[in-house]
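Could you build all of it, start to finish, from the sequences and the hints given here?
Taken in sequence, the protein lines are chains A and B. Each residue of the first sequence is one higher than the last, beginning at 0 in numbering that gives the first Met the number 0. Each residue of the second sequence is one higher than the last, beginning at 0 in numbering that gives the first Met the number 0.
Don't read these hints as lab results, they were simulated from the structure. Glycine is no exception: its CB is placed at the ideal position from the N, C-alpha and C atoms. Where hints are given, some of them may not hold.
Claimed, not checked - Covered stretches of chain A (in silico footprint by chain B; criterion: 3 or more residues with CB under 8 Å from a CB of chain B, positions within the stretch not fixed):
| # | segment |
| --- | --- |
| 1 | 80-94 |
| 2 | 98-106 |
| 3 | 112-122 |
| 4 | 199-212 |
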Amino acid sequence: MISQEQLANTPTTHAGAEVMVDVRNLVKSYHHKTVVNNVSFAARKAEIFGVLGPNGAGKTTTLEMIEGIRTPDSGTAILAGLDVQRQKSAVQRVIGVQLQATTLFPELTLLETLQFFAALYPKALDPRQLLSDVALEEKAMAYPQDLSGGQRQRLALAIALVNDPQVLFLDEPTAGLDPQSRRMLWDIVLRLREQGKTILLTTHFMDEAQLLCDRIAIMDNGQIIALDTAAGLIGRLGAQATLDCWLDGRATKSDIEELEGVTGVRQANERYIIYTNTMQSTLVALLAYADTNGITLADLQVRVPTLEDVFLELTGRELRSE
Amino acid sequence: MKKILTLLYTNFIMLTRQRGLIISSLGLAIISMLVFGFLFGGSGSPKTLLGVVDQDHSAISAQIVHQLQKSDALQVNTGSSDEEQQALKDGHRNAVIIIPPGFGQQMVQGGAHLQVFYDQGNPVTTAATQLTVKAIIDGINRAVTHQPGPVTLDQQAVAAKDIREIDIITPGMLGMLLMWANLAVGIQLVNWREMGITKRLAATPLQPLAMISAQVVARLALSLIQGVILLALAAWIFNVHIYGNIGLLALVVILGALTLLAIGFAIASFVKKSEAANSVLLLVSFPMMFLGGSYFDVNGAPGFLQPLIHAMPLYYLNDALRQVINNGAGWSAIQTGVLVMVAWIIASMLVVWRAFKWL
Chain A
0 MISQEQLANT
10 PTTHAGAEVM
20 VDVRNLVKSY
30 HHKTVVNNVS
40 FAARKAEIFG
50 VLGPNGAGKT
60 TTLEMIEGIR
70 TPDSGTAILA
80 GLDVQRQKSA
90 VQRVIGVQLQ
100 ATTLFPELTL
110 LETLQFFAAL
120 YPKALDPRQL
130 LSDVALEEKA
140 MAYPQDLSGG
150 QRQRLALAIA
160 LVNDPQVLFL
170 DEPTAGLDPQ
180 SRRMLWDIVL
190 RLREQGKTIL
200 LTTHFMDEAQ
210 LLCDRIAIMD
220 NGQIIALDTA
230 AGLIGRLGAQ
240 ATLDCWLDGR
250 ATKSDIEELE
260 GVTGVRQANE
270 RYIIYTNTMQ
280 STLVALLAYA
290 DTNGITLADL
300 QVRVPTLEDV
310 FLELTGRELR
320 SE
Chain B
0 MKKILTLLYT
10 NFIMLTRQRG
20 LIISSLGLAI
30 ISMLVFGFLF
40 GGSGSPKTLL
50 GVVDQDHSAI
60 SAQIVHQLQK
70 SDALQVNTGS
80 SDEEQQALKD
90 GHRNAVIIIP
100 PGFGQQMVQG
110 GAHLQVFYDQ
120 GNPVTTAATQ
130 LTVKAIIDGI
140 NRAVTHQPGP
150 VTLDQQAVAA
160 KDIREIDIIT
170 PGMLGMLLMW
180 ANLAVGIQLV
190 NWREMGITKR
200 LAATPLQPLA
210 MISAQVVARL
220 ALSLIQGVIL
230 LALAAWIFNV
240 HIYGNIGLLA
250 LVVILGALTL
260 LAIGFAIASF
270 VKKSEAANSV
280 LLLVSFPMMF
290 LGGSYFDVNG
300 APGFLQPLIH
310 AMPLYYLNDA
320 LRQVINNGAG
330 WSAIQTGVLV
340 MVAWIIASML
350 VVWRAFKWL
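Here you go:
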């Protein structure tokens with residue numbers, strides 16, 4: 000279980016590494032609705048920092064304020080030592096941005112598109128080399144609308160890299176992609192971290208956050224509700240395993256909470272999620288409980304807790320149902 | 000420098016690859032020009048049939064009549080007012096000029112006045128006739144203001160010009176081409192905004208003004224190139240002659256393009272969806288295309304339409320183009336049109352300044 004004290008004591012930086020992105024108390028409201036509410040975090044050099052949350056949590060707005068596209072109502076964002084609002088053009092030279100669902104000039108070929116973006120910066124990488132880095136060299140003369148979803152995202156990534164940025168922003172980079180395309184993009188992102196780039200990415204896929212991100216901020220309703228490594232976040236559940244099962248109406252939540260080793264129970268109608276730190280004895284106790292009370296037990300599944308469980312624990316809602 | 004060149008080049012090739020834009024501007028203009036040119040003959044129209052009624056019977060009026068009779072472009076008939084008016088109604092005259100009593104006297108003193116009746120029944124010849132008569136009256140006026148004494152008509156203005164339908168339609172097509180090529184800038188910007196391109200550009204060091212300026216320069220270049228192609232085709236196929244100064248013509252083309260660009264930007268300032276931008280564009284361009292005088296003369300249009308027509312920038316652009324191309328007119332003849340177009344630019348820029356959003 001994650002307590003409020005644990006949340007409050009969440010470390011924002013680790014000592015030693017250079018802080019590349021320092022975000023403090025960002026607030027943004029639209030039409031009297033607070034979309035981003037007092038968001039603070041810091042990301043270090045060569046770190047992949049993930050913002051995980053459901054659609055509408057305020058992830059994109061947060062990123063766009065840090066990118067300088069939107070002006071925050073209050074709060075500051077410092078990138079590579081530069082204030083985003085006061086030194087916007089200097090910041091724009093050191094960042095690379097992949098927007099959610101980028102559409103590009105339909106009249107320009109991939110090569111021309113990259114040449115156009117390259118011309119906007121004082122120093123830029125070779126467009127052809129960039130295309131081959133994202134495995135699109137054969138599409139140099141194609142138009143963006145002729146690309147598949149995965150190819151389009153890779154093009155957007157190549158454009159984001161055109162100025163060899165220190166900080167890279169990826170907004171839902173794998174949304175709508177097939178598994179193979181997702182894996183390909185993950186490989187590229189991991190390679191970029193090896194080159195020392197700081198990467199801020201948003202996602203609503205927990206597997207993506209778990210696999211790619213060094214640290215994860217879980218965002219909901221415009222606020223960061225937890226921030227840690229994936230292992231740290233899951234560790235806070237205090238559970239070694241998760242039991243998913245279906246129990247008929249005679250079972251009660253309080254009975255199950257009494258079973259050996261149980262650290263937490265979530266119930267929705269007749270579906271239960273049971274967190275335990277002693278999987279074997281809890282399992283035995285659960286089976287015995289069902290047996291002695293004549294309760295039907297079905298759909299039993301034992302698994303390792305995931306970020307999904309963390310999100311559910313924190314918000315009482317499922318991430319994926321959004 | 001490289002950045003500026005890349006911006007210009009990119010904006011320009013993007014325009015040339017918009018098939019719809021090229022077809023609606025240059026394509027439509029060329030097709031219309033060919034259709035009208037071949038339909039109404041490119042070989043030269045018959046002479047303008049002019050009825051002259053001399054009610055003054057002074058030396059000066061006799062001289063005017065004599066000058067008119069000498070003109071190769073005119074076939075002059077003289078008669079009484081009733082006779083000539085009847086001939087006009089019967090379609091035997093394209094226009095009737097009445098020299099009122101006391102005209103010669105007034106000419107010496109100043110304030111002389113001629114009455115002109117046009118045959119409105121045939122819109123094809125009306126425009127040509129009006130231009131010819133206008134040239135005659137210009138000639139008379141010039142004679143009055145600059146050279147007191149015997150009236151001599153400017154033979155160049157009247158006789159050298161064989162104004163045919165194709166000569167009238169060509170500047171009109173140039174005006175229409177400029178409208179389609181430049182008004183669409185509004186759709187372009189709304190599209191960029193809707194597609195998220197402007198947002199992506201906002202994350203780069205590129206200033207929106209730089210991109211917009213490049214777009215404007217690219218559209219002006221496209222306008223000039225398309226204009227040259229149209230006029231070259233007109234000269235080659237139909238022997239359409241440009242009587243005016245080429246530099247002045249280029250200026251009118253650029254000013255017209257800027258006017259329509261400004262209106263395009265104004266449209267993009269208050270329209271959010273590209274579908275809506277398309278509708279607004281059609282709503283603005285179609286009435287202008289027909290009432291702006293590109294295809295036919297609109298001076299004879301019903302009175303209730305006149306305020307609308309005279310509010311249209313394309314009307315003034317077409318008029319200025321005809322003045323320069325057909326009449327060889329100088330700055331003074333296009334002043335009003337230039338002022339109206341500048342007013343449109345200022346008004347549009349005010350809207351842009353108040354309401355335009357890049358993101």
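Going through the hints against the structure:
1. Judged by the Cβ-Cβ criterion of 8 Å, the segment 80-94 of chain A is covered by chain B as claimed, because 4 of its residues qualify and three suffice.
2. Coverage of the segment 98-106 of chain A by chain B holds in this model, with 7 residues showing a Cβ closer than 8 Å to a Cβ of that chain against a need of three.
3. Proximity of the segment 112-122 of chain A to chain B, defined as three or more residues with a beta carbon under 8 Å from a beta carbon of that chain, is established by the 6 residues found.
4. Against chain B, the segment 199-212 of chain A contributes 0 residues with a C-beta closer than 8 Å to a partner C-beta. That does not satisfy the three-residue criterion, and the hint is violated.
Comparing the model with each numbered hint stated earlier shows that hint 4 is the single one that does not hold.
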